[in-house]
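A.B. asks: The lines below spell out each chain.
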Amino acid sequence: MNTATTHFQDALQRSQQRKQLYLGLALLTVALLAPFVAYPVFLMKLLCFALFACAFNLLLGYVGLLSFGHAAFLGTGGYITGWLLTRYSSLTPELGILGGTLAATLLGLLFGVLAIRRQGIYFAMITLALAQLTFFIYLQAPFTGGENGLHGVPRGQLFGLLDLKNDLAMYYFVLAVFLFGYLLIQRTVNSPFGQILRAIRENEPRALSLGYNVNAYKLLAFVISAGLAGLAGATKTVVFQFASLTDAHWHMSGEVILMTLLGGVGTLLGPVLGSSLVVWLHHALGGSVLGSWMSVILGSIFVLCVLLFRAGIVGYLQKFVQRNLR
Amino acid sequence: MSNVILETRGLTKEFNGFTAVDSVDLQVQQGHIHALIGPNGAGKSTVFNLLTHFLPATRGEVLYQGQVIAKLPPNRIARLGLVRSFQISAVFGQMSVLENVRVALQHQLGTSFHFWKSASSLNHLNQQAMQLLESVDLQDFAMRKTVELPYGRKRALELATTLALEPTVMLLDEPTQGMGHEDVERVVGLIRKAAVGRTVLMVEHNLHVVSSLCDRITVLARGSVLAEGDYATVSANPLVREAYMGKEAEHV
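Same order as they appear, the protein sequences are chains D and H.
When the first sequence is numbered by the numbering used here, its final residue is 326 and no position is left out of the sequence of numbers.
When the second sequence is numbered by the numbering used here, its final residue is 252 and no position is left out of the sequence of numbers.
One chain only, chain H, in its complex shape (with noise of 0.2 Å):
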């Protein structure tokens, strides 16, 4: 258990007395992908949404690179490098999608409470922005506006801007969730291009996504963790199969 980048310690949240997250002790290795799986309702994106301090944890700690982050708002984590992405697809849609991933790159330039100073001097990033475009395969879209692009190619531009921020930790919340199978293949591509000298922690409901490539898996149920380890370990547990494989076994 050496090289821990991100940790929570009896992470808890009680949403009026319905316990949504029950004392979960997470770990995350750097360098990996790691799942976060379990049934609806297993508390997994509220677990997301404590990591990120979306929502106040009722108890326990989380700790990123050694250091509490439970206490700091969601805008100071993601600047640390612990950057979410969410469930449904989170772009921006009346901006172009060169304009979506700018925003994220706009960081740099210090200017961005500047009301006074022209957009056009944001056209520095532009090359930089297309840049991370073509990392995902869109630079063909980039002057579009971003409500146009299919489903799959949204997924692919939050990519990007996630990965302008050139985080340390990426959260994904359910990436491939409602695509079909060769939006998914990409999708599957492109985290795995990512991930390359980061850690990724995702929330993914896609058992082959899954196992093809997650370094490790926890399991969610009710709100704590049921299982942990590499798919083989996890898959063959009975618990486990009991409690969220029973109907998908027969997929797999």
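Chain D with its partners taken away, still in its complex shape (with noise of 0.2 Å):
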């Protein structure tokens, strides 16, 4: 008995993994050849808030913790690279991605030990009054440029050796970033401190009973969503190369949440969709006469999600194939 059910388990976990295999090497298929389709620069622009949104999904989804901070990280992840990569002209961009990431992780830590420790919309008060906070000095600090930006950071070379001026080069470098970020939540989701993660989503005083200190856990979560959200921001510096207010901006702490609803929270896949829709919408209006009505048309999806579609797109799709192919 014993035996068999736990040999059940294994074909049951293994099969599901090789389903995942299969779409993730389709999907890794579509995106290597996608710079040859479509805008490489546009591309690469959906990649950075997807892993944002990934990022942000980590702790919405996987701890149930609502951030109305994670702009700050993306912001500081961003000026931290740009400020390096223009101060010290020597040093090549993934150092300087490295310096925005490892900044946006400590501040992480600060917001995280500050704000852990209280629950729901006190938990999300904190996290957007130290995010405003954050806000505020970057618009008055000297290095940021203020309003105006911080403009001129080079691309540089990577590792001192590929030229990342060549869009194609810089879209690939992008690509295994995200890669970087994706597979280290997917992990981590899937790990013993996942275990533990999802124990305290489903019952906190529980595995606080269970002798698990739940704080330290949700602090750990905290400051990894941090450091891949700053990850994010500091890749996409290098790109556009331009690190502005808007990514630090109380507004993107807000946009993210809709582009994890939108896609389905607490899925893998469902935060890199709805940051692509997102994404796109901004790019398809933003010309058009309808750009003016932009956040009125984000507003309405954001209410139809939250009152009809709670799971998201993927978590959707999800149900159905689950309802439909068992």
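Hints may be right or wrong, so weigh each one.
Label-pair distances were calculated between CB atoms; the ranges are [claimed, not checked]: (1) H/T58 / D/K19: 51 to 59 Å; (2) H/E148 / D/L304: 25 to 33 Å; (3) H/S118 / D/W280: 54 to 62 Å.
Taking lysine to aspartate or glutamate pairs in the EDC-like style, the calculated list, with each CA pair at most 20 Å apart, reads [said to hold, decoys possible]: (4) H/K145 / D/E202; (5) H/K71 / H/E61; (6) H/K145 / D/E204; (7) H/K193 / H/D215; (8) H/K193 / H/D183; (9) H/K117 / H/E134; (10) H/K71 / H/E7; (11) D/K319 / H/E148; (12) H/K145 / H/E134.
Some but not every residue of chain D turned toward chain H, in silico, with C-beta under 10 Å [unchecked claim]: (13) L12; (14) Q13; (15) R118; (16) Q119; (17) F193.
Hints in this document: simulated from the structure, not taken from any laboratory.
Even for Gly, the Cβ is constructed at its ideal location relative to N, Cα and C.
Join these two chains into a complex; the hints should help.
C.D. replies: Pasting the structure below:
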């Protein structure tokens, strides 16, 4: 009985893993071929926001923590990387990105230590307040260029070898960064640590009564999320050679919530799809007469999502597949 | 009064002027199944929360194995072997039944913060988790999603999860609450089995359960200890009859 059941579980796990692998390979092929069909800079923007939304979803979807200040990490990654690369011209882009990511990780640790003990709306409010504080620092600080933003960040040469001024080279580097972040999140969710996170999301007092220091687990998840959001911002700055206040503004914290909910909170691919749709909407409507209605359109989508599509697009697809293909 | 494993001295909890627990002195002997009974609002659950530091006490001390534990966080208290359950069945609904127990076993590996390791490293624990599930007769449900279990089975799962920590003292908060007669019988059997070699302190309303299971009974009323002793002593106490059993006595 014992071994039969565990064997059954193993087999089930393996068949699921195989399906996931096929889906992953198909998506990877699409991603590898995409720059020959679509504009690479646009694709890079998609990937950066996808990573940002995935990082956010690690918290909201897998720990149940709503951070309303994730723009601070995106912005910090961008500004610190931009500043490092403009100030020290001998730095290679990957080191600049590493610096920006580390800065966002440390900021995440600081935010986390201050906010993690609070629950629900209080947690959201503290992260919002801290992010606003960060925003005003970037508005005033001399190195950010204030409202004009930080311009002229060199793309440079990756590891001193590969010239990133070539959009195609840049694209594959961004894809590699995105894959690193995505796979790290996938692993985190499916790790011993991820099991404890699930338990905390399901029933926090019970996890505590089983001897787990829940705040420490939440804090680590928060720091990983902040670091990856910073990585997204840092990479984006190198792509666009520019860091601006938009990335640190609270609108961005709100938009990442929309991206995640639209695609499907608590699913791995949901935020990728959701962020792509939102970025594409901005792109498609930006030039048209509807451009000035952007906020209204996004707001309506948000309302519809919350009222009708709680599981998001990928969440619904998953349910559909489970119901019909089992 | 030898071998007291869990003791409170003058334990008091005040909520904005309302005294929920009023200088309670409680002594739980090693190896006993000890019941905490009393009418609604007597402060039984609050005592549990104070013992495990889910709530900070206003005054008084909690001693576990002769050591003051009031300052320790709840997770540390659990690690010391003083493990609680909850009034409303506390299980992880979206996880499988096996995973529920395995989460509690995960301590042993010391990899609970390892976010870079595959969760398949936890499969070492499956055998042990299955044994625990067998001990509460849940082995056939191992792969089921926990929300799908009937209520009585969820309580059994909660017991198995608690046992996974190999507790020295188990605090069970109304383990038979809201159950049908058959489920009550089964859970009583499970508790009796689980209590071998352990100490149990339980909050319980069902007096049949208390009379058949418990070695010692403490009656709480309005936050303070009204009576203490074995079932015969306590049920003969006129104060207890008045405060608590008045309406229940007809059923006993």
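A.B. asks: Taken at face value, is the distance from the CA of H/E7 to the CA of H/K71 at most 20 Å?
C.D. replies: Between H/K71 and H/E7 the Cα gap is close to 15 Å, so the pair holds against 20 Å.
A.B. asks: With a cut-off of 20 Å on the C-alpha distance, tell me whether H/K145 and D/E202 pass.
C.D. replies: Distance ~13 Å between H/K145 and D/E202 Cα, so the pair holds.
A.B. asks: Holds or violated: is there a CB of chain H closer than 10 Å to the CB of D/F193?
C.D. replies: Holds: closest Cβ of chain H sits about 4 Å from D/F193, inside 10 Å.
A.B. asks: Holds or violated: H/K193 with H/D215, Cα cutoff 20 Å?
C.D. replies: Since the Cα atoms of H/K193 and H/D215 sit roughly 15 Å apart, the hinted pair holds (cutoff 20 Å).
A.B. asks: Hint says 54 to 62 Å; check whether the CB-CB distance for H/S118 and D/W280 agrees.
C.D. replies: Cβ of H/S118 to Cβ of D/W280: about 34 Å, so the range 54 to 62 Å is violated.
A.B. asks: For the hint on D/Q13, does the least C-beta distance to chain H fall short of 10 Å?
C.D. replies: 8 Å, holds
A.B. asks: Checking hints one by one. Is D/Q119 an interface residue toward chain H, by the C-beta closer than 10 Å rule?
C.D. replies: 14 Å, violated
A.B. asks: Hey, H/K193 versus H/D183, does the alpha-carbon distance stay inside 20 Å?
C.D. replies: 15 Å, holds
A.B. asks: Determine whether the Cβ-Cβ distance between H/E148 and D/L304 falls within the hinted range of 25 to 33 Å.
C.D. replies: 31 Å, holds
A.B. asks: Are the Cα atoms of D/K319 and H/E148 separated by 20 Å or less?
C.D. replies: Since the Cα atoms of D/K319 and H/E148 sit roughly 17 Å apart, the hinted pair holds (cutoff 20 Å).
A.B. asks: Can you confirm whether the C-alpha distance between H/K71 and H/E61 stays at or below 20 Å?
C.D. replies: 10 Å, holds
A.B. asks: Between H/T58 and D/K19, does the beta-carbon spacing fit 51 to 59 Å?
C.D. replies: Since H/T58 and D/K19 have Cβ atoms about 56 Å apart, the given range 51 to 59 Å holds.
Of the numbered hints stated above, those contradicted by the structure are hints 3, 9, 15, 16, listed in ascending order.
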